[in-house]
Amino acid sequence: MKSRSNRRPKNAAQTAPSRSRLGNGFALLSRARQQAVLSVAKPAPLAASVTAFLSPAVVLQLLLFVAPMLIIAGYSVLSRGAYGGVESPWTIENYQRLLDPLYGVILLRSVWLAAVSTLLCLVLGFPLALFIARSGRRKNFYLQLVIMPFWTSFLIRTYAWLFLLRDTGLLNTVLQATGMISEPLPLLYNDGAVVLGLVYGYLPFMVLPLYATLERLDPSLLEAAADLGATPWVALWRIVLPLCRPGILAGAILVFIPCLGAYLTPDLMGGGKTIMIGNLVQNQFTTARDWPFGSAISLALMALVMLLLMGAARRKGLEGEGEPLL
Amino acid sequence: MNRALGLYAIAAYSFLHLPLLVLSVFSFNASRFTRWEGWSLKWYSAMAADAALMEAAANSVIIALAATVGATLVGTLCAYGLWKRRVAWLTGSLYLSLVSPEIVTGVALLAFYQWAFRFLDVQLGMHTVVLAHVSFSLAYVVVVVLSRLRTLDPVLEEAAMDLGATPWWAFYRVTLPQLLPGVAAAALLVFTISFDDYVITSLVAGVDSETLPMLIYSTARRGASPVLNAISTVLVVGLGGLILFAERLREA
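Residue numbers (the numbering used here), protein chains in the order written: chain A, 1 to 326; chain B, 1 to 252.
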């Protein structure tokens, strides 16, 4: 035993130098490779490959979003051609026409209808968001019920209202059959119908952010209010509502912007009478064939949307809320 | 107050869901008019027998499939690139494309196509619709995939590269498998928004490329029709099912 144990270290000592020399070689080699990987090989191909990953989207975005926007920006300062094309004399007349009462009325009406729809969404959406936030374990189910309409095309949802509200629609048929009215009520093709369609279409956009802020609300604040003698209604008005400001702002922006640019709803539910900006744009590019004017309206609409978003983003930044979408 | 809220919620949910429910029920109505005359499937068989309708539906499926493949592929790569490196203008441009009103996107694309056709011997058709759909759904893919990427640990990929994987290989073998549920959800989302789109499609479609929403629109303008109720019901159920599936994937 003793001699063995004596011999072993001896043997080991004999073989060790050669082994460690080899080991050192490996270590050196792998360290050199690691360094090469870290210092030279890694960053350069990575940067190149990130560019490669991004380039299809860059090409697509430049070609099919940036270029089209630049083209209508260019068209908006050109004149209308004799056969519906564009001609070269530069002009700002298209933008001046936006202030013409004829079109100014349409712009104002669009802003007005979008504002009314947004306000209605807020008034109708707030109690619903509050209900969901307080519904305990079934929260997710109720939330899904709000999101579900988005699973259906906007066109079909609008058509459903046509089916209900037309002169020969379900509502008028039922009312006439029960003898409550003798003539069909003019439920469609007016401003009210457009607002109804917009509220129906975008109510979920208001409920979701409202719910998100209500959900984060500290319940102890309400308990404190109750302890101090506030009725539930007072607490709602003085505590919950002010703390919901970020959600209200987000919801209002999310509803107002698509309402402002709405095309389908005023087209189908407003008939020919209620024209909004979206319909004016479509009209200029199709029947009126005045592309420069249509482009100017489009750009004005885009500018309005961007201003609203920037204003909201700044406000949001001040209140330190939310996370980036992109 | 809670009881009042509960009653209110019933009313609000009715407002959100009754119109489509009533529409679906009436798609089974035996009468052509909005008077109930008993159950029938005849509008569904009329729908299946309508050649123009089936052609429009086929067009819509082809366009939606092509747009889904294109947008998902480009969008996923883009999301991955943006995860690695911030590109402010690209993010801004995608964001803008997400918020720009559909009608503006539509007329801008129309103007762009007409301008480009001066140099190319092409006309409006299915291809222009597909390109438009890829363009407007790209941002959706980036949003969905990027949100999934943000839940991943970048260290895994760095480890793969330290072990000798090239960046592409590391993406393909390490990141992409973890990303797949998000990518699939994005693809289903693109399919549904492409399949549903009317506003942009109607502006950039050619004579040979009428889609189902375009047909629905022109029928709806002429007034209600029981066949349209049947189509709507099929679409609500079909696309709803797809999205339900996509939601499951997102949560996976």
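One thing to keep in mind: the hints can contain errors.
Stated by the list, open to error - Facing chain A, from chain B, some residues (calculated, C-beta under 10 Å):
#1 A12
#2 F26
#3 A30
#4 L96
#5 L109
#6 F117
#7 L120
#8 L124
#9 A139
#10 Q178
#11 V227
#12 L228
#13 L235
Stated by the list, open to error - Output of the computed footprint for chain B on chain A, the stretches with three or more beta carbons under 8 Å from beta carbons of chain B:
#14 92-103
#15 300-308
As the list claims (entries may be wrong) - Derived pair list, reagent style SDA-like, types lysine to any residue, alpha-carbon separation capped at 20 Å:
#16 K84(B) x A165(B)
#17 K139(A) x L5(B)
#18 K139(A) x A11(B)
#19 K139(A) x Y8(B)
#20 K139(A) x G6(B)
#21 K84(B) x L5(B)
#22 K139(A) x K84(B)
If you are wondering where the hints come from, they were derived from the structure by calculation, not from laboratory data. Where a beta carbon is used, it is the ideal one built from N, C-alpha and C, also for glycine.
Status of each hint after checking the structure:
no.: 1; hint: A12; verdict: holds (5 Å)
no.: 2; hint: F26; verdict: holds (7 Å)
no.: 3; hint: A30; verdict: violated (15 Å)
no.: 4; hint: L96; verdict: holds (7 Å)
no.: 5; hint: L109; verdict: holds (5 Å)
no.: 6; hint: F117; verdict: violated (12 Å)
no.: 7; hint: L120; verdict: violated (13 Å)
no.: 8; hint: L124; verdict: violated (13 Å)
no.: 9; hint: A139; verdict: holds (8 Å)
no.: 10; hint: Q178; verdict: violated (16 Å)
no.: 11; hint: V227; verdict: violated (12 Å)
no.: 12; hint: L228; verdict: holds (7 Å)
no.: 13; hint: L235; verdict: holds (6 Å)
no.: 14; hint: 92-103; verdict: violated (count 0)
no.: 15; hint: 300-308; verdict: holds (count 4)
no.: 16; hint: K84(B) x A165(B); verdict: holds (17 Å)
no.: 17; hint: K139(A) x L5(B); verdict: holds (14 Å)
no.: 18; hint: K139(A) x A11(B); verdict: holds (17 Å)
no.: 19; hint: K139(A) x Y8(B); verdict: holds (16 Å)
no.: 20; hint: K139(A) x G6(B); verdict: holds (13 Å)
no.: 21; hint: K84(B) x L5(B); verdict: violated (46 Å)
no.: 22; hint: K139(A) x K84(B); verdict: violated (36 Å)
Taken one by one, the earlier hints fail for this structure at numbers 3, 6, 7, 8, 10, 11, 14, 21 and 22, listed in ascending order.
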